[in-house]
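S.K.: As a plain string of letters, each chain reads:
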Amino acid sequence: AQKVTQAQTEISVVEKEDVTLDCVYETRDTTYYLFWYKQPPSGELVFLIRRNSFDEQNEISGRYSWNFQKSTSSFNFTITASQVVDSAVYFCALSEGRRGADGLTFGKGTHLIIQP
Amino acid sequence: GAGVSQSPSNKVTEKGKDVELRCDPISGHTALYWYRQSLGQGLEFLIYFQGNSAPDKSGLPSDRFSAERTGGSVSTLTIQRTQQEDSAVYLCASSLALREQYFGPGTRLTVT
Numbered sequence: 159a160q161k162v163t164q165a166q167t168e169i170s171v172v173e174k175e176d177v178t179l180d181c182v183y184e185t186r187d188t189t190y191y192l193f194w195y196k197q198p199p200s201g202e203l204v205f206l207i208r209r210n211s212f213d214e215q216n217e218i219s220g221r222y223s224w225n226f227q228k229s230t231s232s233f234n235f236t237i238t239a240s241q242v243v244d245s246a247v248y249f250c251a252l253s254e255g256r257r258g259a260d261g262l263t264f265g266k267g268t269h270l271i272i273q274p
Numbered sequence: 034g035a036g037v038s039q040s041p042s043n044k045v046t047e048k049g050k051d052v053e054l055r056c057d058p059i060s061g062h063t064a065l066y067w068y069r070q071s072l073g074q075g076l077e078f079l080i081y082f083q084g085n086s087a088p089d090k091s092g093l094p095s096d097r098f099s100a101e102r103t104g105g106s107v108s109t110l111t112i113q114r115t116q117q118e119d120s121a122v123y124l125c126a127s128s129l130a131l132r133e134q135y136f137g138p139g140t141r142l143t144v145t
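As they're listed, the protein sequences go chains A and B.
Position one of the first sequence corresponds to residue 159 (this note's numbering), numbered consecutively onward.
Position one of the second sequence corresponds to residue 34 (this note's numbering), numbered consecutively onward.
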């Protein structure tokens, strides 16, 4: 069975600090997809990134970066120079199967608080 | 362009009543998903529709829950004989085939 663990329930940092959100996953499939979503106080889930299990290259998008390591079954998310607008709950998710279109298994989320 | 829309945004119902929640996916998206989000259980997958294929109902918590998708577009999630533990935010998402899912704003269901 698939499982996603986000051990950090809540993180609080001061603006401009870098912060890393951890995600560890479990799956028996060799083909799977990993995702990160952001849920701001408004409540709507916002898609951030999708990676497949065969692509371990790290990805950078502006202040956001993702580190995928199959050896440790981790897909960590780093925000550089954090801003107050980054305050939200962040969810890591997993989808098994070659189609990569199955229902997502979500972690419990990490509540990130950026203090001014 | 228009995103996923859901209605109603809030629904309060009495225990034992049936409710219907509606989802309008992004135009052209072939896949549609229902999830629910509650404090105790987090985000849970409920059901998935892909084109004309039989839906994946593996996440439905009981036979009181059902969903249909008419004409490959709009979907309705029905909960019969609602219970207090059904109180949650019900989220709908849609995607192009094999792509990431985009979520709607959700319907907050409160069972009194």
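Treat each hint with caution, since some may be false.
Below, a list of computed lysine-lysine pairs in the DSSO-like style, where the Cα atoms sit at most 27 Å apart [stated by the list, open to error]:
1) B:K44 x B:K90
2) B:K90 x A:K266
3) A:K196 x A:K161
4) A:K161 x A:K228
5) B:K44 x A:K196
6) B:K50 x B:K90
7) A:K161 x B:K44
8) A:K196 x A:K266
9) B:K48 x B:K90
10) A:K228 x A:K266
11) A:K266 x A:K161
12) B:K50 x A:K196
13) A:K266 x B:K44
14) A:K174 x A:K266
15) A:K228 x A:K196
Hints were generated in silico from the structure; no laboratory data involved.
S.K.: What are the numbers of the hints that this structure violates, sorted from low to high?
M.R.: Violated: hints 7, 12.
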